[in-house]
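Colleague: For the protein sequence lines, the chains are G and F, in the order given.
Reminder that position 70 of the first sequence reads as 70 in the numbering used here, one-by-one numbering, no gaps.
Reminder that position 46 of the second sequence reads as 46 in the numbering used here, one-by-one numbering, no gaps.
Since the hints were made in silico from the structure, they are not lab data.
Worth double-checking, as some hints may not be accurate.
To be verified - Derived EDC-like pairs (lysine to aspartate or glutamate); straight-line CA-CA distance at most 16 Å: (1) G:Lys53 x G:Glu67; (2) G:Lys38 x G:Glu84; (3) G:Lys19 x G:Glu67; (4) F:Lys1 x G:Glu44; (5) G:Lys41 x G:Glu84; (6) F:Lys68 x F:Glu56; (7) G:Lys40 x G:Asp85; (8) F:Lys101 x G:Glu84; (9) G:Lys19 x G:Asp85; (10) F:Lys1 x G:Glu58; (11) F:Lys106 x F:Asp39; (12) G:Lys41 x G:Glu24; (13) F:Lys106 x G:Glu44; (14) F:Lys101 x F:Glu3; (15) G:Lys41 x G:Asp85; (16) G:Lys18 x G:Glu58; (17) F:Lys42 x G:Glu3; (18) G:Lys40 x F:Asp67; (19) G:Lys38 x F:Asp39; (20) G:Lys41 x F:Glu3; (21) F:Lys1 x F:Asp27; (22) F:Lys101 x G:Glu24; (23) F:Lys101 x G:Asp85; (24) F:Lys42 x F:Glu3; (25) G:Lys41 x F:Asp39; (26) G:Lys22 x G:Glu52; (27) F:Lys101 x F:Glu15; (28) G:Lys22 x G:Glu3; (29) G:Lys22 x G:Glu67; (30) F:Lys68 x F:Glu17; (31) G:Lys40 x G:Glu84.
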Amino acid sequence: DTEVTQTPKHLVMGMTNKKSLKCEQHMGHRAMYWYKQKAKKPPELMFVYSYEKLSINESVPSRFSPECPNSSLLNLHLHALQPEDSALYLCASGGGSTEAFFGQGTRLTVV
Amino acid sequence: KQEVTQIPAALSVPEGENLVLNCSFTDSAIYNLQWFRQDPGKGLTSLLLIQSSQREQTSGRLNASLDKSSGRSTLYIAASQPGDSATYLCAVRGPTGANSKLTFGKGITLSVRP
Numbered sequence: 001d002t003e004v005t006q007t008p009k010h011l012v013m014g015m016t017n018k019k020s021l022k023c024e025q026h027m028g029h030r031a032m033y034w035y036k037q038k039a040k041k042p043p044e045l046m047f048v049y050s051y052e053k054l055s056i057n058e059s060v061p062s063r064f065s066p067e068c069p070n071s072s073l074l075n076l077h078l079h080a081l082q083p084e085d086s087a088l089y090l091c092a093s094g095g096g097s098t099e100a101f102f103g104q105g106t107r108l109t110v111v
Numbered sequence: 001k002q003e004v005t006q007i008p009a010a011l012s013v014p015e016g017e018n019l020v021l022n023c024s025f026t027d028s029a030i031y032n033l034q035w036f037r038q039d040p041g042k043g044l045t046s047l048l049l050i051q052s053s054q055r056e057q058t059s060g061r062l063n064a065s066l067d068k069s070s071g072r073s074t075l076y077i078a079a080s081q082p083g084d085s086a087t088y089l090c091a092v093r094g095p096t097g098a099n100s101k102l103t104f105g106k107g108i109t110l111s112v113r114p
């Protein structure tokens with residue numbers, strides 16, 4: 001099973017809302033990642049978790065708050081977002097070979 | 001800072017043609033290189049992974065090569081089909097492995113005409 005599952009697939013939220021994106025993998029991978037992708041652009045790294053600890057934060061604004069409750073789950077908590085934060089949010093995991101497996105993404109629209 | 005370049009940005013070919021997609025990177029200190037496919041509005045599908053010590057990998061009609069010293073990789077697609085139409089992204093991983101970032105090129109949007 002090389003599947004990374006992201007929920008929800010689509011999310012529309014107001015600028016005052018709080019919402020969470022969820023990501024799950026059962027491949028035993030110890031590295032998990034959040035990427036942001038704007039239309040017709042490549043994915044940009046946001047956060048890296050290694051062994052459930054945050055190891056890289058690419059200077060992401062604090063309105064994005066990651067959480068890794070256990071080795072299979074990764075959350076991204078969203079609060080007070082701006083319309084320019086609308087994008088496809090991708091979760092990925094990586095194992096010993098560091099091959100990255102991506103989920104299908106959450107299409108986020110901030111209104 | 002690592003930079004990954006994919007040229008051209010878009011490519012249109014007739015069905016059945018063999019084609020080569022190019023990727024170049026500025027820093028040869030990489031852990032591995034990965035080719036992905038992305039359909040519109042979807043996530044990324046891993047096609048091939050080449051470790052820094054390897055020269056090429058093959059999967060079905062796909063063959064990827066890596067010349068780390070010159071900072072180049074190619075993805076060869078044999079006998080292209082309309083179903084191959086998608087955006088192809090090349091990404092290199094930093095030298096520390098899983099705890100380092102993937103740096104992506106901007107991708108090549110391929111259209112295979114029936």
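Colleague: Hints numbered earlier in the text: which of these fail when held up against the supplied structure?
Modeller: 8, 12, 16, 18, 22, 23, 24, 27 and 30
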